[in-house]
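So for the sequence shown, the working numbering puts the first residue at 1012; every next one is plus one.
Hints were generated in silico from the structure; no laboratory data involved. Just so you know, not all the hints are guaranteed correct.
[Unchecked claim] Across the chosen pairs, the derived CB separations fall in these ranges:
hint, residue 1, residue 2, range
1, 1341, 1379, 30 to 38 Å
2, 1088, 1207, 29 to 37 Å
3, 1380, 1047, 29 to 37 Å
4, 1283, 1109, 23 to 31 Å
[Claimed, not checked] Listed next, the in silico BS3-like pairs over lysine-lysine satisfying Cα-Cα at most 25 Å (straight line):
hint, residue 1, residue 2
5, 1197, 1373
6, 1197, 1123
7, 1097, 1123
8, 1380, 1178
9, 1379, 1178
10, 1143, 1080
11, 1197, 1143
Think of the CB as a built atom: it goes at the ideal place given N, C-alpha and C, for glycine as much as any other residue.
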Amino acid sequence: MAKIKRTKPLVVHIIYRLDTGGMENGLINLINGMPEEFCDHTIVCLTEYSDFRNRITRQNVQVYALHKKPGHDFGIYFRLWSLLRKLGPEIVHTRNLAALEMNIIALLAGVKRRVHGEHGRDIYDLDGSNWKYRLVRRFCRFFVSRYITVSKDLYQWLVHDLKIPEKKVTQIYNGVDNDRFKPVEKHLCRKALPAGFNAPECFIVGTVGRLQAVKNQQYLINAFALMIDQNPEIKTTLRLILVGDGNTRQQLEDLVNAEGIQPYVWFAGDQSDVPVLLSAMDLFILPSLAEGISNTILEAMASGLPVVATNVGGNPELVEDNVTGRLVAVNSVDELASVLLSYFKDESLRIRQGENARSSIKNRFSMKKMLSSYQQVYQSCFIE
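Put together the whole structure using the sequences plus the hints.
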């Protein structure tokens, strides 16, 4: 099979599926923002892709789906090998455990430079202790040229726990476009909200993310319901918005109905106008069981919102407790309800911490800094 002729180096990004998600959003930001003269990009999805691919604004980015079947699909290895032989990339960049073993296939296909990104753990391995996954990671380290982690927490785990050589690991924070995500007058943004949520006097608590077990929106709903139960007078203005969709939606809707708070909760589903919805909120919550570096936290901070997040993974690297928001324990419903009430009562606290959050984004988490760091990693691979 003849290789495609190219005038620039090609980076092939291998992921499980291209759909709504923080890692996927970061990948598209990387492709859209990296200088076009530096390299070309192709995305290979082991399973499928959705219309999320339409967020790619850069020209000539190919997206392939290999249609991996559930369970063991050994044919996926040959399909990937054949595609890589045809594409002839200078670098293959895999992400997360689901794509890690594809570094072996990349080596067999003649790809000399193989980068693997760790963006966070999932519900089946919250603390990285699953022995099967550890065995896979330790075996595959011999086939990976460079690692990138999005948090210091994941960096320490790879180097000190999994014994990946430190010289092979680079930590790069996600970046956020602080021109796209920025504070906007709430009365303008709330026009996008449904009746009952768009009044100026409403206090809106919100979260953005896939509705999946690891994101733990149930914890937020429980705390929200407790707030109303303990302070029934606030239900005239207190509102909750959940942006995103996923396989726990029905379970969460059932919980809202069981708590009797359905008039005060809006399941917004997947939305394309997330910047507008964030600017319509007063407080952002991330109740996850585990996180790498959350794009939605960064986007909320860039929008000038204080952030309340669980004290897990990379969240403490983003949220400075009592400065840009609050860190709370996982599933401590009483604690979260108390923290939410304190923000409800204190507008000056919200304004002060929101301004601090916006400043933190400008100083530490710019898109320009992220793009430059990835470009440096790729450049170092090109010259090896």
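- Item | Violated hints - listed by number, lowest first | 2, 3, 6 and 11
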